[in-house]
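Each chain, written out:
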Amino acid sequence: MLEVKNLKTQIDTSEGIVQAVDGVSFTVRAGETLGIVGESGSGKSVLANSIMQLNPNPPTFYPEGEILFEGSNLLKLSEKQLRKIRGNEIGMIFQDPMSSLNPVFKVGAQLVEAILTHQKMSRKNAKARAIELLKDVGIPDAESRMDDYPHHFSGGMRQRVLIAIALAGNPKLLIADEPTTALDVTIQAQILELMKGIQEKYGTAIILISHDLGVISQMAEKVLVMYSGRIVEKGSVNDIFYRTSMPYTWSLLRSLPRLDGVAHERLISIEGQPPNLVSPPKGCNFHPRCPFATEKCLEIDPELMPRKEGHWVACILTEQEFEAEKERLESADREGVL
Amino acid sequence: MLQYTIRRLFSIIPVMLIVSVIVFLIVHLTPGNPAYLILGEDGSPEAIAQLEEQLGLDKSMAIQFVDWIKNILVGDLGQSIYSSEPVIQVIMERVGPTFSLMITAMSLTLIIAIPTAVFIVWRRNTILDPLFTSASLLGASIPEFWFAMLLVLGLGVAVPIFPVAGYVPIDVGLGDWIYHLILPAFVLASVEIGLIARMLRDGMLESVNQDYTKTARAKGVRESVVLMKHVLSNALIPTTTVIGVMIAGLLGGTVIIETIFTIPGIGQLLIDSIHRRDYPVIQGVVLFIAVVYVFVNLLIDLLYAFLDPRIRYD
Ligand SMILES: Nc1ncnc2c1ncn2[C@@H]1O[C@H](COP(=O)(O)OP(=O)(O)OP(=O)(O)O)[C@@H](O)[C@H]1O
Ligand code: SF4
Ligand SMILES: [Mg+2]
Chain A
1 MLEVKNLKTQ IDTSEGIVQA VDGVSFTVRA GETLGIVGES GSGKSVLANS IMQLNPNPPT
61 FYPEGEILFE GSNLLKLSEK QLRKIRGNEI GMIFQDPMSS LNPVFKVGAQ LVEAILTHQK
121 MSRKNAKARA IELLKDVGIP DAESRMDDYP HHFSGGMRQR VLIAIALAGN PKLLIADEPT
181 TALDVTIQAQ ILELMKGIQE KYGTAIILIS HDLGVISQMA EKVLVMYSGR IVEKGSVNDI
241 FYRTSMPYTW SLLRSLPRLD GVAHERLISI EGQPPNLVSP PKGCNFHPRC PFATEKCLEI
301 DPELMPRKEG HWVACILTEQ EFEAEKERLE SADREGVL
Chain B
339 MLQYTIRRLF SIIPVMLIVS VIVFLIVHLT PGNPAYLILG EDGSPEAIAQ LEEQLGLDKS
399 MAIQFVDWIK NILVGDLGQS IYSSEPVIQV IMERVGPTFS LMITAMSLTL IIAIPTAVFI
459 VWRRNTILDP LFTSASLLGA SIPEFWFAML LVLGLGVAVP IFPVAGYVPI DVGLGDWIYH
519 LILPAFVLAS VEIGLIARML RDGMLESVNQ DYTKTARAKG VRESVVLMKH VLSNALIPTT
579 TVIGVMIAGL LGGTVIIETI FTIPGIGQLL IDSIHRRDYP VIQGVVLFIA VVYVFVNLLI
639 DLLYAFLDPR IRYD
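Protein sequence lines, in the order shown, are assigned to chains A and B.
By the count of our numbering, the first sequence reaches residue 338 at its end, each step adding exactly one.
By the count of our numbering, the second sequence reaches residue 652 at its end, each step adding exactly one.
Note that these hints are calculated values from the structure, not bench results.
Please note that a few of the clues may not be correct.
[Said to hold, decoys possible] Quick partial rundown of chain B residues pointing at chain A, CB under 7 Å, derived from the structure:
hint: 1; residue: Arg-461
hint: 2; residue: Arg-462
hint: 3; residue: Thr-464
hint: 4; residue: Asp-467
hint: 5; residue: Thr-471
hint: 6; residue: Ser-545
hint: 7; residue: Tyr-550
hint: 8; residue: Thr-553
hint: 9; residue: Ala-556
hint: 10; residue: Lys-557
hint: 11; residue: Val-559
hint: 12; residue: Ser-562
hint: 13; residue: Arg-615
hint: 14; residue: Pro-647
[As the list claims (entries may be wrong)] Straight-line C-alpha distance at most 25 Å; calculated DSS-like pairs for lysine-lysine:
hint: 15; chain 1: A; residue 1: Lys-84; chain 2: B; residue 2: Lys-397
hint: 16; chain 1: A; residue 1: Lys-124; chain 2: A; residue 2: Lys-8
hint: 17; chain 1: A; residue 1: Lys-80; chain 2: A; residue 2: Lys-135
hint: 18; chain 1: A; residue 1: Lys-106; chain 2: B; residue 2: Lys-567
hint: 19; chain 1: B; residue 1: Lys-397; chain 2: A; residue 2: Lys-80
hint: 20; chain 1: A; residue 1: Lys-124; chain 2: B; residue 2: Lys-567
hint: 21; chain 1: A; residue 1: Lys-127; chain 2: A; residue 2: Lys-8
hint: 22; chain 1: A; residue 1: Lys-80; chain 2: A; residue 2: Lys-120
hint: 23; chain 1: A; residue 1: Lys-282; chain 2: A; residue 2: Lys-222
hint: 24; chain 1: A; residue 1: Lys-196; chain 2: A; residue 2: Lys-222
hint: 25; chain 1: A; residue 1: Lys-127; chain 2: B; residue 2: Lys-567
hint: 26; chain 1: A; residue 1: Lys-120; chain 2: A; residue 2: Lys-106
hint: 27; chain 1: A; residue 1: Lys-120; chain 2: B; residue 2: Lys-567
[Claimed, not checked] Label pairs and their calculated CB-CB ranges:
hint: 28; chain 1: B; residue 1: Thr-579; chain 2: A; residue 2: Phe-61; range: 22 to 28 Å
hint: 29; chain 1: A; residue 1: Val-278; chain 2: B; residue 2: Arg-560; range: 30 to 36 Å
hint: 30; chain 1: B; residue 1: Asp-540; chain 2: A; residue 2: Lys-196; range: 39 to 45 Å
hint: 31; chain 1: A; residue 1: Phe-61; chain 2: B; residue 2: Arg-560; range: 56 to 62 Å
hint: 32; chain 1: B; residue 1: Thr-579; chain 2: A; residue 2: Val-278; range: 24 to 30 Å
hint: 33; chain 1: B; residue 1: Phe-457; chain 2: A; residue 2: Asn-6; range: 50 to 56 Å
Backbone N, C-alpha and C define an ideal beta-carbon position, used for all residues, glycine too.
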């Protein structure tokens, strides 16, 4: 349904051109959930916004690649054709529900606007449909809440409203950029539950972005791991969480207190800073921080290569080399603890 | 909202009290004896004494002040020394032209400033934006009287499209009324247009990459609607607060503009009364301007509270 091929997104800043997304390819099939993880600044949001071209333009450009949605390349569409996709074929929700609703309009009016943008119907019918949608996303007293302003809603309730807005056009794909990061834990779980329910009910495909590995493991079937604008590993949830052979993913997982169970533990960042995207380091982008790095990593910039069916890794180490080194590091870890 | 309105109404009282003290003191702080100043060197001692009595200057300051406040409260601003008509009547005769001028100037400001700001923000990544910023700065720093002269010479004399002077009341003819007001109102608005457009532009640029505009775009709303509805509505709220200041500027400006364009309004009345040393009228006009100013600001505050749902109920 969605196929992204070698997408490059550049941002023209005063410091130079930022390669925010650097040659990313992946596919999303109807009804499935793709998770995207990575540290802050790894390009997840820019990637998500690139799909419907919601990055401010300028300074954002798309010099290369294709984004095929149901066969047509979104990067080649006119503004008018794109508007037919936005909010209709593809819905999107954002990280901060507190600032994502317009403070000066009633919640109902904002939802009605989403409906009337794509569907020809009377205002009265649109209102009825809006109430239905609000009920659908679990807002109690939906009818009377239509006339409330966003500041009357809690963060979780606002995110529900935003999900209702994203669902207004019965989209085939829902892009959720860190939908629960700004919410507290119990509300997070409710919102994720809601998204799962919607997917089951309507067969919506979901791209779920998070830097919370717990959220991803709970929701996604396939996972992309991003580092400095690139995909460094992609595969099924099990490939990523139990069979990784990528040092960056391994570091992410290691920074979790416990691998199993503890789903809501925030990602503790890995030592060192993500690279400067204006002038990335030579060789593997991760080498300055990689505990597995060898001499060769300074020279060779590894490409994303298939390891097994559906499991791709961007690292020069073979699986055996990775396992051996991992064994050494993990035993060192254990000794450190003891 | 009602509570807020009442609270706001009460807050006017101290302001008005201070204003009335200042206006009262106009007479008493002018050096020399007002009666003597009014009558000039030819005034006989008897005439001066009589005028002093008429103005109440023979009583103590405290009594005079109490009398003055009492009279204001019942709407009695005294009599004009020049025409012997009640001051309130003299002022009311001049209100029409001034209000016409101000309303036309305000309408012009909004009609020009809002579309300009929207257009500039729409074309925010082009050369237009820096050009506009310089132009608005220039507009705000050109002296009104100079701009007025320029317009009169250009559009009144060289290419005589508009009349250069005079005023036609609205009941004589709507067309004629507007026709005579356009030029002076435009001069009066010239400073405010740049100011308001600039403020709107800044507010809109701040709002244009906010999360809620991204939500609107993600809905598939067209960019022109995003700008005119979502972005502009948020930028208008802070802008209403400067409209109060703008009206103060317009009120001040009318004094000059009415003189240049010979419009028989409050501003001209003030200037004339100063020439005639008609103290009761001077006091009346100053008080009147202050009252208008305070009430307009009250209205603006209420409008602001009404426009911004976040403060409406709090
Ligand atoms: N408008 C912009 N101007 C300049 N640089 C930008 C802009 N937007 C994003 N970037 C840069 O692009 C890179 C990717 O940013 P992005 O927001 O996609 O990261 P992210 O993975 O979503 O991070 P987070 O987890 O913090 O949301 C960052 O290095 C960021 O500094
Ligand atoms: S290529 Fe080298 S530096 Fe890069 S992830 Fe693999 S081991 Fe680490
Ligand atoms: Mg992000």
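Review point. With 7 Å as the cut and Cβ atoms as the points, is Ser-545 of chain B at the interface with chain A?
Key: Violated - the Cβ of Ser-545 of chain B stays beyond 7 Å from chain A, reaching only about 9 Å at its closest.
Review point. Is the shortest C-beta separation between Ala-556 of chain B and chain A less than 7 Å?
Key: For Ala-556 of chain B, the interface hint holds, since the closest Cβ of chain A sits about 4 Å away, which is under 7 Å.
Practice item. Answer holds if the nearest beta-carbon of chain A is closer than 7 Å to that of Lys-557 of chain B; otherwise answer violated. Key: Interface hint status for Lys-557 of chain B: holds (4 Å vs cutoff 7 Å).
Check your understanding: Are the Cα positions of Lys-397 of chain B and Lys-80 of chain A separated by 25 Å at most?
Key -> violated, 80 Å
Review point. When you check the alpha-carbon spacing of Lys-80 of chain A and Lys-135 of chain A, does it fall within 25 Å?
Key: violated, 31 Å
Practice item. Look at the Cβ atoms of Phe-61 of chain A and Arg-560 of chain B and judge whether their distance stays inside 56 to 62 Å. Key: 22 Å Cβ-Cβ, so the 56 to 62 Å window is violated.
Point to revise | Cut-off 7 Å, beta-carbon criterion: hint that Thr-464 of chain B touches chain A | key: Since the shortest Cβ distance to chain A is 11 Å, the answer is violated.
**Study point:** Proposed proximity, Lys-567 of chain B with Lys-120 of chain A (alpha carbon, max 25 Å)
**Key:** holds, 20 Å
Practice item. For the pair we were handed, Lys-127 of chain A and Lys-567 of chain B, check the Cα-Cα distance against 25 Å. Key: holds, 19 Å
Exercise for review: Mind checking the alpha carbons of Lys-80 of chain A and Lys-120 of chain A for me, to see if they're no more than 25 Å apart?
Suggested key: holds, 17 Å
**Study point:** Restraint check for Lys-124 of chain A with Lys-8 of chain A, where alpha carbons must lie at most 25 Å apart
**Key:** violated, 44 Å
Check your understanding: Taking 7 Å as the limit, does the beta-carbon of Ser-562 of chain B come near enough to a beta-carbon in chain A?
Key -> violated, 11 Å
Checked against the numbered hints above, the structure breaks hints 1, 2, 3, 4, 5, 6, 12, 13, 15, 16, 17, 19, 21, 23, 28, 31, 32 and 33 and satisfies the rest.
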